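J.: Each chain is listed here by its residues.
Protein chains: 2
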Amino acid sequence: MANEILGTDVVVQIGIIVNNIEKAAKEFAEFFAVDVPEIIETEEFEKSHTEYKGEPTRARAKLAFFRNFKNIEIELIEPDSNPSTWREFLDKHGEGIHHIGVFVKNMDQKIENLKKVGIDVVQRGDYTGGRYAYMDSVEKLKFILELLENY
Amino acid sequence: MANEILGTDVVVQIGIIVNNIEKAAKEFAEFFAVDVPEIIETEEFEKSHTEYKGEPTRARAKLAFFRNFKNIEIELIEPDSNPSTWREFLDKHGEGIHHIGVFVKNMDQKIENLKKVGIDVVQRGDYTGGRYAYMDSVEKLKFILELLENY
Chain A
1 MANEILGTDV VVQIGIIVNN IEKAAKEFAE FFAVDVPEII ETEEFEKSHT
51 EYKGEPTRAR AKLAFFRNFK NIEIELIEPD SNPSTWREFL DKHGEGIHHI
101 GVFVKNMDQK IENLKKVGID VVQRGDYTGG RYAYMDSVEK LKFILELLEN
151 Y
Chain B
1 MANEILGTDV VVQIGIIVNN IEKAAKEFAE FFAVDVPEII ETEEFEKSHT
51 EYKGEPTRAR AKLAFFRNFK NIEIELIEPD SNPSTWREFL DKHGEGIHHI
101 GVFVKNMDQK IENLKKVGID VVQRGDYTGG RYAYMDSVEK LKFILELLEN
151 Y
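Which chain is which? The protein sequence lines are A and B, in order.
Counting along the first sequence from 1, when you hit position 71 you're at 71 in UniProt numbering, and nothing is skipped either side.
Counting along the second sequence from 1, when you hit position 95 you're at 95 in UniProt numbering, and nothing is skipped either side.
Since the hints were made in silico from the structure, they are not lab data.
Worth double-checking, as some hints may not be accurate.
No copy labels: a pair is met if it fits in one copy or bridges any two.
[What the hints assert, rightly or not] Each computed EDC-like pair below joins lysine to aspartate or glutamate, with the alpha-carbon atoms no more than 20 angstroms apart:
| id | residue 1 | residue 2 |
| --- | --- | --- |
| 1 | 116 | 30 |
| 2 | 62 | 126 |
| 3 | 23 | 75 |
| 4 | 70 | 9 |
| 5 | 140 | 30 |
| 6 | 92 | 139 |
| 7 | 62 | 38 |
| 8 | 116 | 27 |
| 9 | 140 | 38 |
| 10 | 62 | 51 |
| 11 | 53 | 120 |
| 12 | 115 | 27 |
| 13 | 26 | 136 |
| 14 | 140 | 73 |
| 15 | 140 | 27 |
| 16 | 26 | 4 |
| 17 | 26 | 139 |
| 18 | 105 | 4 |
| 19 | 140 | 35 |
| 20 | 115 | 136 |
| 21 | 62 | 43 |
| 22 | 115 | 30 |
| 23 | 70 | 4 |
Only a predicted model underlies this, so the values are computations on that prediction, with no experimental measurement involved.
Model the full assembly from the supplied sequences, consistent with the hints where possible.
T.: Next up, the structure:
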């Protein structure tokens, strides 16, 4: 029963905004009884081409991934102070679940499908091997939907 | 790689608090191109035995379930005005993702495991065929963990 708008019926990721990723990653690792994963940083603007609300932003974030649940990965995200959906969420809500992510094919077409139902892009960017788009789906779905596409 | 504390490595549910479940269920159904699911109400205190922060509460909620994603179900929850984790979340945060749910066996033992790492029960109750416990895991995990046990 693939969702027609998204072309997928699998949730792959839950993204959680944290204040201090070193501390949070240590606590998650203790809870799940695993080693603390590597903490990586999103790439600089020249590579990530990050856009937030249609404007370029130098925002970056530190990330850590937990793959302890077999059907979904948990991504911890610590934003920097530049404008981004990550920073906005932390300032408005504090720490918590920021997004639900799905893998898509042909992201441009999926974004067009979402625009037709009133859901536009709030932030997008590139990473090595793929790209992402956070959708402004909060009003309709109560959470931010992230589209991920690996090449 | 089953989690030792929980005895499971599968996330089964994402719970979302909403202001108006009729409106939200309609919007979700439109988005996923499915029929609006039945909206049910949690049982009255005499059957649910709901406890919130260690005290009995008459809190109830309206629920709607979406099973459009094949690896995880989405639960919409509209709380009433009585004290509950649902009401507290809505008052503090507004609409959004309230919990991540896992099925467990031998819930009492799993709760003991969680207490040992500093995570106590915030709300618990019975439903026909099973029981649930929301854990006070926000400080450590940034989300509320729900334990579900069907008999």
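J.: Each hint needs a verdict: does it hold in this structure or not?
T.: Quick rundown of the hints versus the structure:
no. : hint      : in the structure
1   : 116 - 30  : between (44 angstroms within a copy, 12 angstroms between copies)
2   : 62 - 126  : within (15 angstroms within a copy, 40 angstroms between copies)
3   : 23 - 75   : within (14 angstroms within a copy, 30 angstroms between copies)
4   : 70 - 9    : both (16 angstroms within a copy, 6 angstroms between copies)
5   : 140 - 30  : between (36 angstroms within a copy, 10 angstroms between copies)
6   : 92 - 139  : both (15 angstroms within a copy, 17 angstroms between copies)
7   : 62 - 38   : within (10 angstroms within a copy, 41 angstroms between copies)
8   : 116 - 27  : between (41 angstroms within a copy, 14 angstroms between copies)
9   : 140 - 38  : between (35 angstroms within a copy, 19 angstroms between copies)
10  : 62 - 51   : within (17 angstroms within a copy, 38 angstroms between copies)
11  : 53 - 120  : within (10 angstroms within a copy, 40 angstroms between copies)
12  : 115 - 27  : between (38 angstroms within a copy, 15 angstroms between copies)
13  : 26 - 136  : between (31 angstroms within a copy, 18 angstroms between copies)
14  : 140 - 73  : between (24 angstroms within a copy, 17 angstroms between copies)
15  : 140 - 27  : between (33 angstroms within a copy, 6 angstroms between copies)
16  : 26 - 4    : between (39 angstroms within a copy, 17 angstroms between copies)
17  : 26 - 139  : between (33 angstroms within a copy, 13 angstroms between copies)
18  : 105 - 4   : within (12 angstroms within a copy, 36 angstroms between copies)
19  : 140 - 35  : between (38 angstroms within a copy, 16 angstroms between copies)
20  : 115 - 136 : within (10 angstroms within a copy, 38 angstroms between copies)
21  : 62 - 43   : within (10 angstroms within a copy, 43 angstroms between copies)
22  : 115 - 30  : between (41 angstroms within a copy, 14 angstroms between copies)
23  : 70 - 4    : between (25 angstroms within a copy, 14 angstroms between copies)
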